[in-house]
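There are 2 protein chains.
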Amino acid sequence: MSDVEVPESHPRYESLLTRHRIEAGVEKGITSQQGLIAQGRGEAFDYLLGERTIDSAEAAERAAAAHLLLADHPVLSINGNVAALVPGEVVELAAATGADLEVNLFNRTEQRIQAIAKHLREHGAESVKGLAADERIPGLDHERAKVDADGIYDADVVVVPLEDGDRAQALGEMDKTEIVIDLNPLSRSAQAATVPIIDNVIRAIPNMTAHARQLRAHDDEQLRAIVADFDTEVTLAAAEQAIRSGDSE
Amino acid sequence: MSDVEVPESHPRYESLLTRHRIEAGVEKGITSQQGLIAQGRGEAFDYLLGERTIDSAEAAERAAAAHLLLADHPVLSINGNVAALVPGEVVELAAATGADLEVNLFNRTEQRIQAIAKHLREHGAESVKGLAADERIPGLDHERAKVDADGIYDADVVVVPLEDGDRAQALGEMDKTEIVIDLNPLSRSAQAATVPIIDNVIRAIPNMTAHARQLRAHDDEQLRAIVADFDTEVTLAAAEQAIRSGDSE
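These protein sequence lines map, in sequence, to chains G and E.
Per this note's numbering: the first sequence ends with 249, consecutive numbering throughout.
Per this note's numbering: the second sequence ends with 498, consecutive numbering throughout.
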């Protein structure tokens, strides 16, 4: 939080922090025009959700942490909005779970890739993938399919926060365990996920890190029990109910 | 529609048209960074509303048209997103109701004011107010309070599409009849309105024009009956219900 001078006690702290980081993202060439519109869509869904982590999302964040700890090769996919909003937080999650960070953009330009990689390194990332782009996700057009052969292409568990629906579906068809963070439970991305997390990335990523740190004391059998307990359909239905009704679950 | 080459038969016609116009708005310096985020918030609410004009919004558009025809001095307040999304449509509504067009920005810069006025003139506006800025709305800080003495300040009926909550409230306190177009029925702008229209401006403005043309055959007594029939609370409740339930009213 050292890059922001908003007191945590401020009633609109989270909202002001988000605004500040998105503006900085635009200045640094990290956040795109489409990213700003997507940010607005997220704000509206979060508003209806009550700007809080609902119980079903908390359970999804715990299951996601268990998946990451069980994975052979977990990768966190980072786009412009994720880099702008939670750069230090994704670095911490990667460290807590042994995951790679890979920059992956819907509107890919070499300049934005480099700006995002630099931003992540400034926030403590030792290694950032996504620059080689030497493999393709099947079923997507050339530019949007680009991934690293030793990154997302090889991953068994991949976290895709704020992902485009086409790519979320194509990744799901590669038989990866896909963890999606998206505030719209009806989106194709959320629907394609093994673990859909219907929460703001600002809250979801630190929560996943906290769960991962707590679950590290567990053995694989206990982690597999947490994963087996997770119900995708129930999670999506609970989130939709929370958004529609405006009530707690 | 001459500026866009999207066939009207396309299933995503409205969405593609919107995207095209917003992008053009950014290129022309009309749409701000905050405008892009606001556009995204609107998209999310419209998505939940089913991207259609619900019956209660249609009734509000008719009541708004009656208010405009009864007005001594109606004014349409135009911000960056409205100018980008419906430039020709607001010119048509102004012509159909004898209203003035006044550029009014939350983040006011001389450059954006001029770009928007030019854009409106390119879409057929003969006169555009908002450049004099020689009066103030009471209760707002200096920059955000600026209006034209012979425009919004003098108006008895004002249409504020996509208005900031603070300014919508301050205008309401000036005893004007305030017609707000906003996709969030819980927003302070919608709550402050005499006539809240919970609809996409892309649909609302042409609908208001169609109603105004049809209502021009009515006398003042008939128009006053339409205005008297309109119920603000019922309208807001119906829209919230439509968004929450995902069903028709």
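Take the hints with a grain of salt, since some may be wrong.
To be verified - Now the stretches of chain E that chain G is said to cover, found in silico as 3 or more residues with beta-carbon under 8 angstroms:
hint : stretch
1    : 266 to 275
2    : 346 to 352
What the hints assert, rightly or not - Taking lysine to aspartate or glutamate and the EDC-like style, the derived pairs with C-alpha atoms no more than 20 angstroms apart in a straight line are:
hint : chain 1 : residue 1 : chain 2 : residue 2
3    : G       : K146      : G       : E135
4    : E       : K277      : G       : E27
5    : G       : K118      : G       : D72
6    : E       : K277      : E       : E338
7    : G       : K28       : E       : E276
8    : G       : K118      : G       : E27
Treat the hints as calculated values from the structure; they're not laboratory data.
All residues carry an ideal CB built from backbone N, CA and C; glycine is no exception.
Hints and how they fare:
For a cut-off of 8 angstroms, the count of residues in the stretch 266 to 275 of chain E with a CB near a CB of chain G stands at 3, and the three-residue condition holds. For the stretch 346 to 352 of chain E, the proposed coverage by chain G is not satisfied: 0 residues have a C-beta within less than 8 angstroms of a C-beta in that chain, short of the threshold of three. For the suggested pair G:K146 and G:E135, the alpha carbons sit about 6 angstroms apart, so the restraint of at most 20 angstroms is met. This hinted pair checks out: E:K277 and G:E27 have alpha carbons roughly 19 angstroms apart, not beyond 20 angstroms.
For a cut-off of 20 angstroms, the pair hint linking G:K118 to G:D72 is broken: about 27 angstroms separates their Cα positions. Proximity of E:K277 to E:E338 is assessed by CA-CA distance (about 18 angstroms); at most 20 angstroms being required, the pair is judged to hold. Note on G:K28 and E:E276: the hinted pairing holds, with a Cα-Cα distance of about 19 angstroms set against a maximum of 20 angstroms. With a C-alpha separation of about 14 angstroms, the suggested pairing of G:K118 with G:E27 holds against the 20 angstroms cut-off.
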